[in-house]
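Peer 1: In order, the protein sequence lines correspond to chains Y and S. So for the first sequence, our numbering puts the first residue at 616; every next one is plus one. So for the second sequence, our numbering puts the first residue at -8; every next one is plus one.
Simulated from the structure, these hints should not be mistaken for lab results. Treat the hints loosely; a few may be bogus.
Stated by the list, open to error - Using 25 angstroms as the maximum straight-line C-alpha spacing, the simulated DSS-like pairs for lysine-lysine come out as follows: (1) K41/S / K744/Y; (2) K265/S / K224/S; (3) K759/Y / K41/S; (4) K759/Y / K744/Y; (5) K265/S / K129/S; (6) K275/S / K265/S.
To be verified - Example chain Y residues on the side facing chain S (calculated, C-beta under 8 angstroms, incomplete): (7) R670; (8) H689; (9) N696; (10) W719; (11) L743; (12) M746; (13) L757.
Said to hold, decoys possible - Across the chosen pairs, the derived CB separations fall in these ranges: (14) L142/S / D742/Y: 50 to 58 angstroms; (15) A140/S / D663/Y: 43 to 51 angstroms; (16) R141/S / V640/Y: 44 to 52 angstroms; (17) L20/S / P636/Y: 47 to 55 angstroms; (18) M190/S / Y683/Y: 52 to 60 angstroms; (19) E630/Y / E279/S: 41 to 49 angstroms.
Bear in mind the structure is a predicted one, so any value in this text is a computation, not a measurement. Here a beta-carbon is modelled for each residue, glycine too, at the ideal position from N, C-alpha and C.
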Amino acid sequence: MAEPTRAIAGSDIAERLGRVPEAVVETGAISVTVAPEKLVEASRFLRDDRDSDARFLNCLSGVDRYDYFEVVYHLSSLAHNHSFVLRVRADHEEPEVPSLAGVWHGAHLQEREIFDLLGIRFIGHPDLKRMLLWEGFPGHPLRKDFMSLPSGKSPGLQRFPKEDPEKWGGEFRGD
Amino acid sequence: MAIKTEPIVVNIGPQHPSTHGVFRMRVTLDGETITDAEMVIGYLHRSMEKLAEERTWTQNIPFTDRMDYLAAMTGNMAYCIAVERLAGIEVPERAQYLRVIFAELQRIASHAMANGTFINDCGAWQTPLFYMFREREKILDLFEMTCGARLTLNYMRIGGVAFDIPDEFMPALQALVDELPDRIDEYDQLLLDNEILLMRSRDIGKISAEDAMNASLSGPMLRGSGVAWDVRKGDPYSIYDRFDFEIPVGHNGDCFDRFIVRMAEVRQSLSIIKQAMVDIPPGKHCAEVPLNFRPPEGEVYSRIESPKGELGYYLVSDGGPFPYRFHVRSPSLINLSALREMVIGQSVADAIVTLGSIDINVGEVDR
Chain Y
616 MAEPTRAIAG
626 SDIAERLGRV
636 PEAVVETGAI
646 SVTVAPEKLV
656 EASRFLRDDR
666 DSDARFLNCL
676 SGVDRYDYFE
686 VVYHLSSLAH
696 NHSFVLRVRA
706 DHEEPEVPSL
716 AGVWHGAHLQ
726 EREIFDLLGI
736 RFIGHPDLKR
746 MLLWEGFPGH
756 PLRKDFMSLP
766 SGKSPGLQRF
776 PKEDPEKWGG
786 EFRGD
Chain S
-8 MAIKTEPIVV
2 NIGPQHPSTH
12 GVFRMRVTLD
22 GETITDAEMV
32 IGYLHRSMEK
42 LAEERTWTQN
52 IPFTDRMDYL
62 AAMTGNMAYC
72 IAVERLAGIE
82 VPERAQYLRV
92 IFAELQRIAS
102 HAMANGTFIN
112 DCGAWQTPLF
122 YMFREREKIL
132 DLFEMTCGAR
142 LTLNYMRIGG
152 VAFDIPDEFM
162 PALQALVDEL
172 PDRIDEYDQL
182 LLDNEILLMR
192 SRDIGKISAE
202 DAMNASLSGP
212 MLRGSGVAWD
222 VRKGDPYSIY
232 DRFDFEIPVG
242 HNGDCFDRFI
252 VRMAEVRQSL
262 SIIKQAMVDI
272 PPGKHCAEVP
282 LNFRPPEGEV
292 YSRIESPKGE
302 LGYYLVSDGG
312 PFPYRFHVRS
322 PSLINLSALR
332 EMVIGQSVAD
342 AIVTLGSIDI
352 NVGEVDR
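Here chain Y stands alone, though its shape is the one from the complex (with noise of 0.2 angstroms):
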């Protein structure tokens, strides 16, 4: 077993759900976008399926892109070695995603994490409250607008202004 874990690409985790129909939205190079309605059943499939096997949940995390919401699922199978990426988008105003918590108990607490931090709401999650930051907490922080200088950009963005690559890029470590 000393093979890296391989990643299967995004064309053939879409061959895959082929199974398991409108389920695949987009595809990309390393991942698939699923359809919020048939995450739970492409999940599911991922998990049961014997090549697939994706039985293991690794990591769960949420984006905010600014137009919309996009949570991220590593997933990943020990037995076969290989891992899948997927990605489902929601809606900026009011997101929502379908919740994996009875696909993986993993899903419970990053699920759980994501909603505090990012304010996506996991529908069907048993138990789906703040859980790092305390009730009444005004909005969510990891969300891009939250805290915003006046300006409208945040103080790291103002420090490292985008249009001056020269200034920050070209220091080198002197050994």
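Given chain Y, work out where chain S should sit, using these hints.
Peer 2: The following block gives chain S in isolation, referenced to the frame of chain Y:
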């Protein structure tokens, strides 16, 4: 006449020696038996994922120290490897060996702490913990010798490590490597047949291999249930494919098995260190990487085997000087997934042992 009873809710923690930090378990008791449990976390939340989005890729390395502060080296290593994969940076050979030596030393130190506090939770008040601390102390001395810090090390850099080892490091490491096997034998004699430890931990907090996998448990939790999965073997990173070592596994998936898996892993780590000490080449200890560099647009999920389990970083770059998204798959948090199922039906004293065997670090749970 029957005596009227009603369930009682008890808070274990947040400030309690057996919760290993500020962790609260709200348990509902029927007599001495737990009928429901809920964990309450967040007391140590420092919003590192948000803070990291406003700091450069290099400035984020100190955050990784402060997540799992008992295993700062592996935290550094996980993040640096993730950024190197994202940006396609080659790490010099010597730096790879130094990283492996320090990561394995850190694993020994972290397991010493985990086992010491676990036996503490089992009722052997403080004495074994001080024995374990004796070993950990020597490892921290080696860290101090190299990078000046003992806990929050901030030693690794993107592209290598911050400093080369001083001249006196190798003799000190050799002395430690010669001494440790005898110490571990001593612990095995003292602990493995210890009637009290066996009674307190065997068949307590059992979890099957199937359930462990479904709950995304990793590290000694997963291996204690009999799944021989170690990221160092299964998805080799750095130069782990060059070393010869075994994956210790348990059979019952109970607290005792997790304990002996950790004990056995210390021996395997020593073996890796010995091999690395022989092979380490001279050369540069860090690649030339701009201090504030910009990785290309893209994303990476990169994982390593930290002492607690699979420590993953999901990094998204928009081509800017700092991460667009910095997500940590922290093993301490996810290993708690099965806590509720494990403690329901147990007595309070057994729940404390079960929590101790998970080996959480609240800094990493809350981040």
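Peer 1: Compare the structure with each hint and give your call.
Peer 2: Now for the hints, and whether the structure bears them out:
{"no.": "1", "hint": "K41/S / K744/Y", "in the structure": "20 angstroms, holds"}
{"no.": "2", "hint": "K265/S / K224/S", "in the structure": "18 angstroms, holds"}
{"no.": "3", "hint": "K759/Y / K41/S", "in the structure": "9 angstroms, holds"}
{"no.": "4", "hint": "K759/Y / K744/Y", "in the structure": "21 angstroms, holds"}
{"no.": "5", "hint": "K265/S / K129/S", "in the structure": "17 angstroms, holds"}
{"no.": "6", "hint": "K275/S / K265/S", "in the structure": "21 angstroms, holds"}
{"no.": "7", "hint": "R670", "in the structure": "5 angstroms, holds"}
{"no.": "8", "hint": "H689", "in the structure": "5 angstroms, holds"}
{"no.": "9", "hint": "N696", "in the structure": "6 angstroms, holds"}
{"no.": "10", "hint": "W719", "in the structure": "6 angstroms, holds"}
{"no.": "11", "hint": "L743", "in the structure": "14 angstroms, violated"}
{"no.": "12", "hint": "M746", "in the structure": "6 angstroms, holds"}
{"no.": "13", "hint": "L757", "in the structure": "6 angstroms, holds"}
{"no.": "14", "hint": "L142/S / D742/Y: 50 to 58 angstroms", "in the structure": "35 angstroms, violated"}
{"no.": "15", "hint": "A140/S / D663/Y: 43 to 51 angstroms", "in the structure": "48 angstroms, holds"}
{"no.": "16", "hint": "R141/S / V640/Y: 44 to 52 angstroms", "in the structure": "51 angstroms, holds"}
{"no.": "17", "hint": "L20/S / P636/Y: 47 to 55 angstroms", "in the structure": "49 angstroms, holds"}
{"no.": "18", "hint": "M190/S / Y683/Y: 52 to 60 angstroms", "in the structure": "55 angstroms, holds"}
{"no.": "19", "hint": "E630/Y / E279/S: 41 to 49 angstroms", "in the structure": "42 angstroms, holds"}
Comparing the model with each numbered hint stated earlier shows that hints 11, 14 do not hold.
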